[in-house]
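Asks: Listed below are the residues making up each chain.
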Amino acid sequence: MAYEFDFSFLADHWPRLLQGLWLTLAMSGLSTVLGFLIGVTGAIASRYGSPAARRVAYVYVEVVRNTPLLVQVFLLYFGLSSIGLRLPVFATAVIALSINIGAYSTEIIRAGIESIAPGQIEAAECLGMSQSQIILRIVLQPALERVFPALTSQYVLLMLATSVTSQISAEELTGIGNLIQSETFRSFEVYGIVALCYIALSLVVRAGLFGFGLLAFPRRRRLGTDL
Amino acid sequence: MPEFGPNQFVFLLHGAVWTIALSVLSLVIGAVFAFVVALCRISGSRTVRAISAIYVQAIQGTPLMVLMLISYFGLNILGVDVPALVGATIAMTLYVSAFLGEVWRGSLLSIPRTQWEASECLGHSRAARMRHIILPQAVKISIPPTVTFMVQIVKNTSLASIIGFVELTQAGKLVNNSTFQPFVCFLCVAALYFAVCYPISLWGRHLEKQYNVVR
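For the record, the sequence lines run as chains A and B.
The working numbering puts the last residue of the first sequence at 234; the count rises by one with no breaks.
The working numbering puts the last residue of the second sequence at 252; the count rises by one with no breaks.
Because the hints were derived from the structure by calculation, they are not lab data.
Computed from a prediction, not measured in an experiment: that's the story for all the values here.
It is possible that part of the hints are untrue.
[What the hints assert, rightly or not] Partial list, computed: chain A residues near chain B (C-beta under 10 Å):
#, residue
1, PHE14
2, TYR67
3, VAL70
4, GLN79
Think of the CB as a built atom: it goes at the ideal place given N, C-alpha and C, for glycine as much as any other residue.
Next up, chain A with everything else stripped away, as it sits in the complex (with noise of 0.2 Å):
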């Protein structure tokens, strides 16, 4: 092969992909915190709302998980700019992704909602429990519980996700990969070199999500098993 290997550009723009990696992770971070409020508030609607508002819970969940992210990210970023409205592309590309995995994770966090037993909740209300007691401490927290693991890949996804964001010009991973190609032309090793750290990074991501869960749930109660 013809071809050289030539990783000299790691010298002068280490910085700019240390920097690409942190807004990377700011990013997903923003996202992940506001679509798990999103998605607590989705599924509890869609569980226990009136019709009309499981019907918006339903229509928001298929819309957003039948079409594609890069699709949601055009249509929000080119469509409130052609309405007049200019927020900063972070913004932008955190209420698109926010959008985004705020319906997967109504879906899964649904999915665990609908686990709990009918009968752990006739015995709160049995205790005398009020309602937004019963939501809180007797579905939501062990329905959390059970579905941790799969949000927590979801949100591994999530972070991956957000180099799409580099097609509105976000200056996160890949996009300082795409600038750092255009000045360089070592395309292959500069991307070679943003997937190592996309590789870092996602397993980054799923130990401190691991060791979160270890933390907010002390009790460790695996998926499926009976309370």
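Put chain B on the given structure of chain A with help from the hints.
Replies: Okay, now just chain B, sitting in the frame of chain A:
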């Protein structure tokens, strides 16, 4: 400046055809490799298991967008000038092989241990055990998640737009560049994706229910 009209919509439809073509291509080729990955992941050899595990970790830890860029530019530095369709298919194949391979590995492992043991006691070879005992049962289990995964494939072909492959999303970008009506244009794009994906989602859910009832 052209308005968004029937001509533009027909152009989007052409893009949608390419989206479906790329999806089918990556599903078919990816499925072959996914099967190999699934078998390697449960192989008797520790080395094969370790290598395939690293492969899956690496692919699942890399965004598909970066895979697209690597496979496209990687082929270029090999000196072959390939069409974007080939680059996109290679990236999609890698993606499908890792994710679907893990799904199928799960299906294989969900066959009760006793089935494997009984087959061994009957003196079946490894190949015969796979072919006659495990696979027929595992295939049935794997169908609902595979159908659900097809939605992911269709949606993710949208990333082929970044290496210039004119599928639905790229067609949408081109139309938007000429009409400057992003709302109409990308709403149509989203609607077309929805029209393809939603029936598959419903089908997958139907299969899941059916399977659960049978079990």
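Asks: Regarding the hint that GLN79 (chain A) lies at the interface with chain B, is the smallest CB-CB distance below 10 Å?
Replies: holds, 7 Å
Asks: Given VAL70 (chain A) was flagged as interface, is its beta-carbon under 10 Å from a beta-carbon of chain B?
Replies: Because about 7 Å separates VAL70 (chain A) from the closest Cβ in chain B, which is inside the 10 Å limit, the hint holds.
Asks: Less than 10 Å between beta-carbons is the criterion; does PHE14 (chain A) satisfy it with respect to chain B?
Replies: violated, 14 Å
Asks: Regarding the hint that TYR67 (chain A) lies at the interface with chain B, is the smallest CB-CB distance below 10 Å?
Replies: violated, 13 Å
Consistency note: the structure conflicts with the earlier hints numbered 1, 2.
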